[in-house]
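Just need the whole structure built from these sequences, with the hints factored in.
Listed below, chain by chain, are the residues.
Number of protein chains: 4
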Amino acid sequence: MSGNSFGQIFKITTCGESHGGAVAVIVDGCPSGLFISEADIQSELDRRKPGQSNITTPRAESDIIHILSGVFEGKTTGTPILLLAYNKDARSQDYDELKKIFRPSHADFTYLHKYGMRDYRGSGRASARETLARVAAGAIARKFLAEKLGIEILSYVEQVGNIITNIDVTKVCLADVESNIIRCPDIVVAPQMITLVEKVKQQGDSIGGVVKCVIKNVPIGLGEPVFDKLHADLGKAMLSINAVKGFEIGSGFAGVAQLGSEHNDSFVLKDSQEATLTNNAGGVLGGISNGEDIYFRVAFKPVSTINKEQQTLNLDNEAVTVKAEGRHDPCVLPRAVPIVDAMAALVIMDHYLRQQIYAMNRGVTS
Amino acid sequence: MSGNSFGQIFKITTCGESHGGAVAVIVDGCPSGLFISEADIQSELDRRKPGQSNITTPRAESDIIHILSGVFEGKTTGTPILLLAYNKDARSQDYDELKKIFRPSHADFTYLHKYGMRDYRGSGRASARETLARVAAGAIARKFLAEKLGIEILSYVEQVGNIITNIDVTKVCLADVESNIIRCPDIVVAPQMITLVEKVKQQGDSIGGVVKCVIKNVPIGLGEPVFDKLHADLGKAMLSINAVKGFEIGSGFAGVAQLGSEHNDSFVLKDSQEATLTNNAGGVLGGISNGEDIYFRVAFKPVSTINKEQQTLNLDNEAVTVKAEGRHDPCVLPRAVPIVDAMAALVIMDHYLRQQIYAMNRGVTS
Amino acid sequence: MSGNSFGQIFKITTCGESHGGAVAVIVDGCPSGLFISEADIQSELDRRKPGQSNITTPRAESDIIHILSGVFEGKTTGTPILLLAYNKDARSQDYDELKKIFRPSHADFTYLHKYGMRDYRGSGRASARETLARVAAGAIARKFLAEKLGIEILSYVEQVGNIITNIDVTKVCLADVESNIIRCPDIVVAPQMITLVEKVKQQGDSIGGVVKCVIKNVPIGLGEPVFDKLHADLGKAMLSINAVKGFEIGSGFAGVAQLGSEHNDSFVLKDSQEATLTNNAGGVLGGISNGEDIYFRVAFKPVSTINKEQQTLNLDNEAVTVKAEGRHDPCVLPRAVPIVDAMAALVIMDHYLRQQIYAMNRGVTS
Amino acid sequence: MSGNSFGQIFKITTCGESHGGAVAVIVDGCPSGLFISEADIQSELDRRKPGQSNITTPRAESDIIHILSGVFEGKTTGTPILLLAYNKDARSQDYDELKKIFRPSHADFTYLHKYGMRDYRGSGRASARETLARVAAGAIARKFLAEKLGIEILSYVEQVGNIITNIDVTKVCLADVESNIIRCPDIVVAPQMITLVEKVKQQGDSIGGVVKCVIKNVPIGLGEPVFDKLHADLGKAMLSINAVKGFEIGSGFAGVAQLGSEHNDSFVLKDSQEATLTNNAGGVLGGISNGEDIYFRVAFKPVSTINKEQQTLNLDNEAVTVKAEGRHDPCVLPRAVPIVDAMAALVIMDHYLRQQIYAMNRGVTS
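Chains as they are written, first to last, in the working numbering: chain P, 2 to 367; chain Z, 2 to 367; chain D, 2 to 367; chain A, 2 to 367.
Just so you know, these hints were derived from the structure itself, not from any lab. Hints may be right or wrong, so weigh each one.
Which copy is meant is left open, because identical chains are indistinguishable; a pair holds if it fits in one copy or across any two.
[To be verified] Below, computed lysine to aspartate or glutamate pairings styled on EDC-like, alpha-carbon distance capped at 20 Å: (1) 202 to 326; (2) 172 to 294; (3) 89 to 47; (4) 271 to 294; (5) 101 to 275; (6) 309 to 199; (7) 100 to 275; (8) 217 to 317; (9) 50 to 98.
It should be emphasised that the depicted structure is a prediction, and the values quoted were computed from it without experimental measurement.
This is the structure:
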């Protein structure tokens, strides 16, 4: 009800502010018998953490994950799993001057009006530090999907500012994504993106971009018709990530200019398997996976925190200027990649478990 | 769990297939004391119904709505409201030849694999006839929002194929939208859109487009942080509508190419009220409404049913051709407008009621 | 949120007032492929309907059930099932004199204060007519459980007033329950109960009683630990039935006086199967079914409507007397039996489907 | 879905096993602005903790509570609150001999069958140590209800074995309950109960009992009709507590033997306020609070762990004997009192917040 949970069967509930005691997540509904270790989760968190390169924020956040329940003798038990990372680098004083100011395009203003108060230390609950919990939970889902079903989830930076790669999504692999600090698998375009981010950083400014995600080997049948269509839940998942302003699947916005006869994906046999000749649908028909690759794009606006003087109001409604000092990401895209991976994993995992109910029981009487 | 419900407090559950006995919806969680009549609902349904003009399908569906519970002496009682429309024009024989075929880009294939069977009459549950229930329920939400809070929800066709209007969203009114059969308020562009749809119809083909929606007078504070951000729920609502492939709010995909210093919306006073100078955010900060206009765009692919021969497979995996005869929409956009209105109303209504819990109780001890 | 839904996966949402247009229920989450007909449901409704005998109310309610969605060619399709019965015998004028009065122990007073208004015709939403929807939905669950799993659910009247049967619960069968109008399978005690009810009826009064329910052949493993223990959900289901004031499972309130060494059920082998020597637990350990018979008792208070003059207040807080004329049940127990059956079926069905998720996926990696 | 959450708006999710890293709870949906400290919570936990007296288990569990999120400058912020207690006294070796045995009336057997594995250390997730999380969360709800609404929740031990107090529930106060180690406010009966428990303890056995709870000053209107009746949710809450086998509200099981004319509670004016002359209903009419005291009884079976030799099976289905050594509660009742308090507080808090939605919005148009 308060928006801190996601999923119906594989359900996560996150908690924690930027500068409170800890950021944590309870993962409820995970099947028993899955081998999971803190190392399995830590490796995903390390892709999200600050200070990875000279184009991310130098904040030294402490992202060491602890498993405090739900795992016994190395395996999940079917009971809720608590994952927790303590907050250590809490330099609250950095934020003292901002406590009376509504930073432009931040959530300071809306939180104060919604709750009648706010935790002004580093954006409080609105901080992207919350996504640490998502990545930790998503790591469990990804492991299950990969080991049990061979499902591969692969996100990468497709666009930064106006620089875009047209690399074939079906040929991207994780090694290519991780081969450079911007997480774009196109070896020609990646350096251009990095140069742009460095330039923006020097200006004290920020820049947006697009993450593309492809999910391979999804079984036919995931997604519930009507309101919980698979792509509707993927869309919600992505739009819930900080700074996201748009989502499109398959042909997306470009597809609106096509004729039906161009856009329709004909069914054909490929290697004796039912398949579609094209994939404008993006792997989903009527809200249900059809076995083709699922691919979608996620638009991230430029980060709101910049080292430039900006006009705003304070709590007394006086016009003031604000200028962030020090640590922030000039471009959130490289660190957004594992977050998109995680949210995609959570959606697919949840719908996989939901589908089991039907897969088990259909055709019950004859 | 099965995806037939939407909302948390103002919660709707829809049922009904294209050619079953009825399409219906239970609206649960509506406050008591709202005057509501069948006429209030029928007027919205009439905007959605087939056969409105020569550019919509000539199917004469029976969309007469009946209120069967939850209303007493003209007012809601706080108990669940059953809205029901019988299916009358059920010419099932029209679909007999299609029962063994997977129509391209339809849900025939995925429903059969998901459930092990399917109701092949007119797409069954996957039919857009289900949206009748959404529009009926949305009419109640719209009336509440308008009467109690003065909230205005206004959708219109912004784009058909490559024809697009750049009309100022803040100046659009309902009369302009309803002034022509394509529901585009731009009197120059609307005729061009209509001409395009007529041409596509003559070719037996279909074409996509974009619906834009603006929501005015939304109170500050709606939306739950983290997973149930207001725009994440709007996005899910829109992506759950048949044929939708994309959603963007505020600056959307175009915003990714901006610098933070360009994109940020400065807080200023307007008429002594806190406001933002620009509105790239689209009325939402940190997932919570900030009092500015909420506006977003929804991409609709071209309708899958076309009067052209297409390649596909039948249930025996044999290559066959299929060609729809007779009745279909060459362009779903004009009829999609009231559906977008309805889904927007449902999201805002639900989040308004959710927000009441906090608005009532904050600052409980001092 | 508004309390009109029950279940998590096999989820029902009911609607309808005593004298509105219809009483209906949407059954969502039913597996596909189950043969179900209106006759299957009607037979359960006929056990609940008024006017069955001279010890039930003579009201001739119209309880003809219609299946309006979710069933195709005689089988469930996996989409939501709408079951609906029109209200025909709506003699609203019978209730005109009661519209300004708070009847003792009825919900008139609390509904008015909760909603600021009330539908005063025949108790409105608080009427036990709502249980018609439960019985209809429960009939689908019962059929699934019986046909797929061989689960038998068997309720009967164990006590009326101070008259109680000590019949062995494991030996009761449906034919015995249905062999008399009080639905007590004990041929010695049943006539005594009937005589008591007839006497109470002549006095214009009412009397309470206890329904006992036994559920046989439940698989091991149903029930979720901690909050959704199987018996906690059974308890909630029963306590949600009109007039119920108590619930106990297994040894219940009597067990509190036992020593642990007396109460504990030893594990033993029976026919080479794990079993317990005694069954004080009532078939549930740690909230999870253990394969033994589940049995529980449900206490129904005497019906509030009586043909005797009673003291009360009217809407103006004036002391007045009230005396019901005509039609009411002197003892709700015989008609409560199918309602207890239905609610039990709904709980077991829901937990069976929930359990499938775990049964399918445990031990995923090795 | 997995049964680890309770509540709809004031929603708690608990995690943690008896011998894992920690027991914790996320409290989601708490209004902002409530002053809450670790000391406020600790005082409730201290009433639940082991080793309080010579009639409770001497286990020295570490029940120090930590608030790790959701509280800023001493007040709740409206974001999720993480409460956590580390497990320190984890002598897992105590349980090594039991890992291959199904203890009678414990959950060993059902957990193993449900999940395909189990955490055998101290009952794992089935341990009553989980109730620590409930009491911690309940302490927040109790503080809110007391400070904002003046609601008082008061549980006490009414019965141990066959020893029962008939003390007037309306005259009990907290000081009387806390005046002795059995938590029975009757100074004559309490010593008899204590003597009985001491005798049972010497025998290495255990004994059950009944907790009675009264809730005063509840506003009229709490509870949702039909399925989420206030007493149905109270019943579920109580039945979800370890060892509970029965629940009854108001007249309960005894009321079934009354005539309607005896049982009905007449409406009268008391101090110019609407009230009822008697309170057989237990403060709830039609599932909605009527402003009278809510009172109910909860039956606890004797603890399953006893220091006596018992017959059972091991994992290989061989007949073996088992005898617990050392630490256990001979009677869980005194420690159950704060758990009943906590669960009652959680139910009332959740329904209070749910009711706000209606209280705010009814009569919206005129």
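Subject >> Hints that the structure is at odds with (numbers, increasing) >> reply: 8 and 9
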